[in-house]
Amino acid sequence: MKNIFILCLGLFTVNSAFGQDANTVNPMDTTFLVNGVCEMCQNTIETSLQIDGVESAFWNVETKELKVSFDASAVSFDEIQKAVLDSGYDTEFQTAAEEDYEKVHECCKYREPHIVEQHK
Amino acid sequence: MRFLVLVGLLFVSSWSYAQISGHVYGMENGKKTPLIGASVHWKGTEISTQTDSTGVYTIAKPQGVNYLVVQFIGYSSEAKSILSRTGMVDFTLSEDGGVLSETEVIGKSNATSVDLKSAQLTFKLDKKELRKAACCNLSESFETNASLDVNYADAVSGTKQIEMLGQAGKFALIQRENVPYARGINASLGFHFIPGPFVESIQLTKGLSSVINGFESLTGQINVEFEKPDGDTDFFFNAYGNQGSRVEGNVGFSTPLSENIATTLLVHYSDIPIAQDNNGDGFADMPTDNLFNIFNKYRYFINDEWGGQIGFNYTVDERNGGQLEDIYDGVQPWIFQQKNERLEVFGKNGFAPTNHQHRSLGLIYNFSQQSQKSIYGLRQLEAQQQSAYFNAIFQDHLGSEEHKIKTGVSYHFDRISEKLDSIGGGNLYNQTRDESVPGFFAEYSFEPSLLFTFVGGVRVDYHNLFGWFVTPRAYVKYMPAEETTFRLGGGRGQRTANILTETQSSLASSRNMQVNTLDPISPEIGWNAGFSFAQIFAWSGWKGTFTTDVFYTWFEQKLITDYDGIPNAFALYYTKGSESISFLTQLDVSPVEALDVRLAYKYLHAVDAFASGKLTAYQIPSHRAFLNAGYAFPMGFTLDATLNWFGERRLPGTNSLPETFGVVNSSPSYFTLNSQLNKSFKGGWEVYIGAENLLDFRVENPIVGAQNPWGPNFDTQQVYGPIFGRMFYLGVNYVL
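Residue numbers (this note's numbering), protein chains in the order written: chain A, 1 to 120; chain B, 121 to 856.
Zero decoy hints are in this set.
Dumping the calculated DSS-like pairs for lysine-lysine here, alpha-carbon to alpha-carbon at most 25 Å:
#1 A/K120 - B/K802
#2 B/K248 - A/K120
#3 B/K152 - A/K103
#4 A/K109 - B/K802
#5 B/K802 - B/K348
#6 A/K109 - B/K163
#7 A/K103 - B/K151
#8 B/K152 - A/K109
#9 A/K120 - B/K348
#10 B/K247 - A/K120
#11 A/K109 - B/K348
#12 B/K248 - A/K109
#13 B/K181 - A/K109
The set of hints was computed from the structure by calculation and includes no laboratory data.
Bound-form chain B, shown alone (with noise of 0.2 Å):
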């Protein structure tokens, strides 16, 4: 005799409305204090107020959304799941820790998501985005990403290379936890040596960074956070396989060894140990490879105030390819190698007076020797890179809250050496040198609320080789509501070429290489320029945010690596008036609660002034179209799937090979599909299975005169896409 009644509903009726309220606290030394102003909004709606003169907001509570965030300028945001009708919930802010802080992700339900609160563009790139593609290093991570796209830089180095804005990664700033990483002689490997399943988020930020961080970058800033110890004992591990005979392990372990100290081992290898030949062109279609990267860092607290951490990474990686021995019988076969070595010792300091909250100074140093050889045919380069690296950040309020100055001394100094000899023949470059930068920085933002921020910042270098230089960059970020959001910036970026590393990929091929420049050590100068636009909708139950964005680049000097002005050589020359634009707009949507949706299109406008004339740049596609769609089945199932377009590109060289070779001066446009499917399990473990280029389309000749690459006419650069053809792969993913 048992009947249901509706008890709730009845209990429902009893209160008329529905809303939130609560206290809204900030910590300062340690005790709490109201505070005032404070922005309280449910989670990817419209409803928002803010706390009054004691601290206590009210908010109407509306249906089946479940996050109420807070916001105060100087505070980390806070965000609860609240799923009552009605109550009293408090909230806590801490105070934004300054540049040693660690990124906060607010709601966590998007895997990027941006970066409100900067006046940049930045997106942020969490675990759960970084799981969708889980091969294998860092240049995979961006795979469902649009802002950047990576290529191959030739069809036998395996090495591949990163595209923002429509030029060349090296014109980007590589950092890992704020040091700056790959630059230098390890400006196009830097990607090779992070291993994914060591990165616990990143932050993509487009366009110019922070004078703060250096003069360097130009088109982007790609900051990675590595796993770190969390005052727990965490262990991860990871193991993966694919059909390309690549065998990968990843092992990460965090743990406190005193209660002021703590530490974060991470240790990768991989190991490709056969090289595969599917095309049937007797070269391999990818190299062996075998990598070694063991990371370990400390934690330290001396006392309330000062803090810091301080750890190593040593990098070991080789590489052979080109062709395969066993087919060339009696002919001396054509043979890529290139060994890395690094070693790297950095730290960080932070004081943090406890009676100035807004007070904070960061000290941040950075040594590494990097050691490259490779072998291009009869072509040996070397390399050398020694580098010490300081940075000192002061950071304080002017006056209030509203006024921030970061202002700061920075000190780089780098001994580059390269070398090219011909095996059996002579040197055919050799230089070194020392650079050594001293300069100081000034940060001003001005944050009258939280929707209009503005951020001037000059840098004043004094390079000994290219003498005193001043590094001025401005943002604006302007909210009209909270959902939307304008930003504008802009600036200036040095960066010193290292003429034989950043081109070697065009030693794969039977050019001669022409320096034609008396200076071969010159600073490539540019300017870049954006405006962005991101609206953030929730209409009748679709979330979702509308992004685009349009940044252009100008080149007062550029290096130029020029395939068709000299026949059967590679000319190297400075040039002024490169320029490019770049043009994306997103649409990320989430029909459902478990279905993300994410569709993109760029367009690319890249023209480099070359000897003869300004001509579209190599290998940039003015055209690229993405989508990318998740579901969470229930289960712990997860499948993920991205359809990219590339439109036409134009391919280098053409003009100085014979058409019998096939060659066409563009590449064909064409669609490459990758998906995998994510099982996690009870206690930690996750299990995931996918296929990289499951359309199994190929570049029909990657490589030019391939049949005789001692002749004249091989070549190696008009790789546009895929090499290897459809890919599976399998991996496991534990956590402690």
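Isolated chain A, as found in the complex (with noise of 0.2 Å):
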């Protein structure tokens, strides 16, 4: 087990940059939190916004906040907070279904104490 959760530590790096849609009409900001562990979940839930619309997305470790940059005209939040729940991961505001945390990789299966503990 520790030696995945040097994995989720090490290997993922941050990426929240991606590409910059010169043309977006609508341009909005929002804030949510997504459960998660560790820089291994930052990847998933960033990554799994690389979706049309989406300007950029970061989640942050410590604070659990997902700052999504977004254009309303193309996406919508209904439509954002899917494309987190789809990848496995809780939101705030609703939790991912149980088939979509069973993908979770191991190390990052925020939801059991004991991963959570190992993080801290």
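Please dock the two separately framed chains into a single complex, following the hints provided.
What follows is the structure in structure tokens.
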């Protein structure tokens, strides 16, 4: 378990910069909480938002805040949240479906107290 | 032209409620079956519910509480971190494995938690708690726990003895992974031989423990779980050094060897190469110490039903203390020396039939050999012990899950020899005995709900020297609400005294040993009863636990060491009627998430039945208070501080020492302060720095007559507190 844990911490570096779309019509920012424990979670959460209309997504492992800049004319908040939930991560509003949570990597099972403890 | 919209808020309004629902399953025969009536609650709150007839729960989600806990009798509790206001989360509970099960720690937020399921008052100390006091062996592990106190046995040997419920540590059962460990001649040193970094968790039970574990415990049970193979490759490393010239290294390694076999290897080496004398009395404040300890365990699965573990432990230790030779030029120095060597082979087998989930059989065995050789001035003590232990425990339900029975047979064999010689003189004491004790036991538990438990147990043993004896024990737990717990319990305990090894600290004096009993090999028999109350509370963001307990111990027969009856001697004899009352009240609070505070007060009234009448027991302070605070800063820093206050205690032997030696009847009260700062780094590294005895309190004259140890008034029993002053230490941990 712990060697995977190292993987969690080490291999994945912050990648929050996505392509800038010059033609955004209705730019918006939103911040909401997403549960998670490590930088591997960060990678999964942020990658899940590589969808049309999302300009940038940044998730903070300490505060669990996900900051999303998006084009409201191209993508809705519901679609953004659905993308996060589909990647297996709970948001502050809604839990991910069991089958999606199952897909989350063993060392990132953020609902399990012992995993939370390991990442403290 | 970017503007912030609180999309979130709008979104929330479409949900007029906040609730979580889901299924609770139990794992049976590898199949998930819905659990009906499982209890579901938010950790630290009163908000709870139960699963319905289809195993489904629905529970409102309060703000700021994120751990949902599910409990069901016969299954391990499970908690999940849930941030969301709504949604479905399923739980799958695995069966409680019984004897061989590993300890579960619910939620993990409290480093020390009271085991709610247990009918006895049991505290669990996990890694987080153990890290609060980094040095060095098991005795330091209880530095942040008020239930148990650790004192020096004398002022030269560095031997520490524990006190629980106002009685010596020998009346507590000290187990390593459910196998009796510190028994017989190892009773006073067992703590010294358990390196802190080996320890994964500790369960501390106050009062009597289950009859399954034997008849010996009376005041408590300490079970120590070592680091164990968990199916993955793990590695840890610890290095430590302090101002007292102690250096220490610990290495642990776990790995699977095949699909069914995994191993853990733990190695400890510590050295105190230089003896220091800071108080100028010519005696080493602490002896030099050289300790090597290796522990190797294999866990295996034969098939789905049979599994087990086997391992060995080898310990060798040598300590040297007493007068520093260079100071006493030309005069023979008074020296202390102790060598210990212990080898132990142990194993467990568990059988859990897959077609009967409640049924299991546990077989525990252990063989050990220990030799001890000590020199106190001109007296030399040699002790040997060979022990064999076997315990078979069968567990089943009686009709329904509410009624459980554990029953089985056990066998103990001990060959213990104790010999005391005067160097250059003759033999002073020589006894060898064989103890052979077969026994059987049964324990019935009635758990109609999570809120009520009754456990009644009895064992009948036959001792080859003392004959048949019966050990009854019973406990009741009642929870009028989920946050409130009452416990009541009591029963009998018995052990055989080893008069030399247990009182050997008395040899660090000019006193003669007088064995005032016809039969030095006798049982110590006591009865213990206790009551406790625990209340979990949460108001306005403050979470905490309030615990209070009262225990009463009474001895039918106890070995007394009397320093005051005869001048220049210590007398050993057995009497009836020694008793102690212990009252502890403790408050654990977390005013904010990162801060844990523990405040405790302990009252002890211990009376021993001396030949001259019932008098206050030696070295037991009547009043004791304790404050511990731990704060977790950002960036991986944690700071922990413990302030101890010890009240006056009666000192031994003051009647028989001349007043010119400045001897007082009781010790002054005093404070000690310990503190430690930890910093953890990503990648598994942790560095800690700390100080013991920051206030630099020292016992002024720990050794009476230190100038003339060969004279008639030499005594080291008066030590009631630290000898070494303020001591800084530094250490590093690495966990892969």
